[in-house]
Amino acid sequence: MTSKKVILTGSFGVGKTSLFNQFIYNRFSEKYLTTIGVKVNKKVIEVDGSEVSILLWDIAGEVSQDKVPTSYFLGASGIIYVIDLTRPSTYKNIKSDIDYLNQIVKGGITKIVANKKDLVTVEQIEGIAQEIVLPWDIVTSAKTGENVEELFQELGKGLLAG
Amino acid sequence: MKSSRKGSDEELQLIQLREILLKKDRTAIREIQELIDDPEQLSPKVQPIIEEQLELLKANFPAQYEKVVNNLIEQKLKDSQEEILNVIYPVLGKMIKKFITHQFQMIKDSIDRQVRKTFSTKGFWTRVKSRFFGVDHSEIILSDADKPVIEEIYAIQRNSGLLMGIASMQETIDQDVIAGMLTAIKSFVEDAFKKEQQDLEMIEYGNYKIFIQNFPTFYIAVAMSGSMSTGEKGDLSDKIMDFAEDVLSSRQELNGDNYEYISTELKTRFINPQIVST
Chain A
1 MTSKKVILTG SFGVGKTSLF NQFIYNRFSE KYLTTIGVKV NKKVIEVDGS EVSILLWDIA
61 GEVSQDKVPT SYFLGASGII YVIDLTRPST YKNIKSDIDY LNQIVKGGIT KIVANKKDLV
121 TVEQIEGIAQ EIVLPWDIVT SAKTGENVEE LFQELGKGLL AG
Chain B
1001 MKSSRKGSDE ELQLIQLREI LLKKDRTAIR EIQELIDDPE QLSPKVQPII EEQLELLKAN
1061 FPAQYEKVVN NLIEQKLKDS QEEILNVIYP VLGKMIKKFI THQFQMIKDS IDRQVRKTFS
1121 TKGFWTRVKS RFFGVDHSEI ILSDADKPVI EEIYAIQRNS GLLMGIASMQ ETIDQDVIAG
1181 MLTAIKSFVE DAFKKEQQDL EMIEYGNYKI FIQNFPTFYI AVAMSGSMST GEKGDLSDKI
1241 MDFAEDVLSS RQELNGDNYE YISTELKTRF INPQIVST
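Chain order of the listed sequences is A and B.
Take the first sequence: its letters are residues 1 to 162, numbered as in this note's numbering.
Take the second sequence: its letters are residues 1001 to 1278, numbered as in this note's numbering.
These are calculated hints, taken from the structure and not from any lab test.
Note that the structure is predicted; figures quoted are calculated from it, not measured.
Even for Gly, the Cβ is constructed at its ideal location relative to N, Cα and C.
Heads up, a few of these hints could be off.
Stated by the list, open to error - Cross-link-like lysine-lysine pairs, in silico, DSSO-like; alpha carbons within 30 Å at most:
1. B:1006 / B:1045
2. B:1006 / A:43
3. B:1267 / A:43
4. A:157 / A:143
5. B:1209 / A:42
6. A:92 / A:117
7. B:1209 / B:1267
8. B:1045 / B:1058
9. B:1045 / B:1067
10. B:1267 / A:42
11. B:1023 / B:1045
To be verified - Here are some chain A residues the structure puts well away from chain B; computed CB gaps all over 10 Å:
12. 4
13. 38
14. 40
15. 50
16. 53
17. 69
18. 95
19. 98
20. 121
21. 137
22. 143
23. 153
24. 157
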């Protein structure tokens, strides 16, 4: 079975750990607990009849160079960059963050995820899509679990193809 | 004049009458006063009463005063936590010191037993080994007293933290996650304290140690219990180098076949039999 390292990154409070918990344990908690350092867990998913073991690294807040050890990103085959649809500040630096991550993780798959779909209307989502400088790949709700499985299925396909 | 004389006679008679009537009482009071004032006389009379009361108190104290005393102690403890801690700390320190001394004594006893064995054939060979390998005799004796045991050994990709192979004394769950977290800890430490190009080489927790031997694209983590002598560390390091050269250098790619092969080799070379002996 193929094993792949995938990193979950993005600003504080965008719901990285909630996506992580929803993906790994199928659960969601209203309680907000800041991740300290990094949390690693594994889930085996089946994509088109093949199994892939995803080692998911949930990295604490921020992407910037001076706050997170660069080595956390090394050796990753996939990046999940999460933004919060309710907070414009979480996608303000999206372009520079993605450029920075692509410099470290060469040849990896990047998925931009717009999270907290349950807190905004369809019109609001359309409005944000107009103003954001890089388009997202999927809109999710870690709370309801909407599109979480789809996100990892898409990622798994890309990982196996790569 | 006549009436005045008559009055004083009556007064005198009254005094005399009072003297007669109260004489007995006054004598008794005087005797009591003397008794009270003289401890030698008082003591034998009071002693039995006090003793009786004390016995009574002893018999009934728990029932009558337990609750009151408990409340008092509880309140005192609440009010004086800092003072109590100040008193307890040195006592605890002494207890810990006593425990450590006891442990040292046990080690010493163990060494004594080993020393006695030096007159045996094994002891003779230990000394020969000491001379031959240049390892201190006491170090050999100490290592015999607390033998190192390899509990688990991991081969891990350096950057990704993905597991290349593992061998373990017991069933371990989430080996992939352990490898990932170990890599995360290693990355954090190396990143946080970087001054030069240096690697994390050991993590210690309780009686366990994780020795890490780094290579350019992977590292080997050995979880051990017991104590290792300098000679044994060198021996283990050499075996890991041989393993890296023989096995890992040609099997860098992560796939099922390589994982199985690396894990089997780790088990054969490090777990069965245990290799940490010079």
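Now for the hints, and whether the structure bears them out:
no., hint, result
1, B:1006 / B:1045, "violated, 50 Å"
2, B:1006 / A:43, "violated, 129 Å"
3, B:1267 / A:43, "holds, 26 Å"
4, A:157 / A:143, "holds, 24 Å"
5, B:1209 / A:42, "holds, 25 Å"
6, A:92 / A:117, "holds, 18 Å"
7, B:1209 / B:1267, "holds, 19 Å"
8, B:1045 / B:1058, "holds, 21 Å"
9, B:1045 / B:1067, "violated, 34 Å"
10, B:1267 / A:42, "holds, 24 Å"
11, B:1023 / B:1045, "holds, 25 Å"
12, 4, "violated, 8 Å"
13, 38, "violated, 5 Å"
14, 40, "violated, 4 Å"
15, 50, "holds, 12 Å"
16, 53, "violated, 7 Å"
17, 69, "violated, 4 Å"
18, 95, "holds, 25 Å"
19, 98, "holds, 20 Å"
20, 121, "holds, 38 Å"
21, 137, "holds, 23 Å"
22, 143, "holds, 25 Å"
23, 153, "holds, 20 Å"
24, 157, "holds, 19 Å"
Checked against the numbered hints given earlier, the structure breaks hints 1, 2, 9, 12, 13, 14, 16 and 17 and satisfies all the rest.
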